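Order-wise, the sequence lines are chains A and B. Residues in the first sequence are numbered consecutively from 1, following my numbering. Residues in the second sequence are numbered consecutively from 1, following my numbering.
Derived by calculation from the structure, the hints in this document are not laboratory data. Fair warning: this is a prediction, and the values are worked out from it, not measured in the lab. Note that CB positions come from ideal geometry on N, CA and C, so glycine has one too. Just to be clear, a hint being listed does not mean it is correct.
As the list claims (entries may be wrong) - With the Cβ distance kept under 10 Å, some of the chain A side facing chain B (calculated, not the full set): (1) Val19; (2) Phe20; (3) Ser65; (4) Arg68; (5) His105.
To be verified - Derived, one-sided and incomplete: chain A residues facing chain B with beta-carbon distance under 7 Å: (6) Tyr10; (7) Pro39; (8) Gly42; (9) Leu43; (10) Tyr64; (11) Thr113.
Here is how the chains run, residue by residue.
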Amino acid sequence: DVKVTQSSRYLVKRTGEKVFLECVQDMDHENMFWYRQDPGLGLRLIYFSYDVKMKEKGDIPEGYSVSREKKERFSLILESASTNQTSMYLCASSSLTQTGGLLSHFGNGTRLTVT
Amino acid sequence: EDKVVQSPLSLVVHEGDTVTLNCSYEVTNFRSLLWYKQEKKAPTFLFMLTSSGIEKKSGRLSSILDKKELFSILNITATQTGDSAIYLCAVESGGSNYKLTFGKGTLLTVNP
C-alpha cells in the first residue's frame, strides 16, 4: 500500500515565521503535489514536482516555495507565514496506472493555523 | 485555464435515496477523470475514468464519463449515513508534466 506521510497533523505558527511542511512517500513516485483546501474553494494546487529538483507552479504559488532534494520527499515552505495561509494542506504523490491515468495518493493533511 | 465544475455544491437526502453528482470540465489535453470521497481526513480514491461510455461500478457507487460532452456523473444508490462526505471530482490534464485540477466538491449529507 502506498504511504504518503505528512510530518504534522496540526501546526500553529505566528505571523512572519518561516514554516516547513514535510511530505514523504514510500513508492518511488516521480510526481508529488502540494494542495491547500479551504471551505467553499475545494482543493487548489500550490506547487508540483515531477522529478528531483524539478518544480512547477500550480494555481496559487504566491507566498510559497518548495524543495525536492530527494525523490521521496517534497517540502512546502512558507517564507513568512500570514494569517491568510491558515488552511488544511494536503500532499499527494502520483502513480501512473496501466491505462495511463494519474492516480493520486494523499497524506492525511496538516491543519496550519497562523495567528 | 483548466476548469472543473461540480454540481450541486451540497445535497441533503434521506437514507435509501439515490443521488447523482455531476462534474463538468474544460481542460487542455485531457488524460483522466477521478472521483474521490473525503470524510474527515484525506480524500480516498473511488474511480478513475479514461474512456467514454464505460461505467465503473463498486457496490452502490457507479460512475460514467462522457468525453464528447465533457462531463461525468457519480451515482450512489440506496444511500446510507456513512455515505455522508464531500465528493471531489478531479481531472488530470497536460502533456509530459501533468497535473490534477479539482472541482470544489459536493457536500452530501445523508439523514437517517
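Hint check:
1. Val19: Hint on Val19(A): violated, closest Cβ of chain B at ~20 Å, above 10 Å.
2. Phe20: Violated, because the Cβ-Cβ distance from Phe20(A) to chain B comes to roughly 20 Å (cut-off 10 Å).
3. Ser65: violated, 18 Å
4. Arg68: Violated - the Cβ of Arg68(A) stays beyond 10 Å from chain B, reaching only about 13 Å at its closest.
5. His105: holds, 8 Å
6. Tyr10: violated, 12 Å
7. Pro39: violated, 10 Å
8. Gly42: holds, 4 Å
9. Leu43: holds, 4 Å
10. Tyr64: violated, 16 Å
11. Thr113: violated, 17 Å
Violated hints for the displayed structure, listed by number in ascending order: 1, 2, 3, 4, 6, 7, 10, 11.
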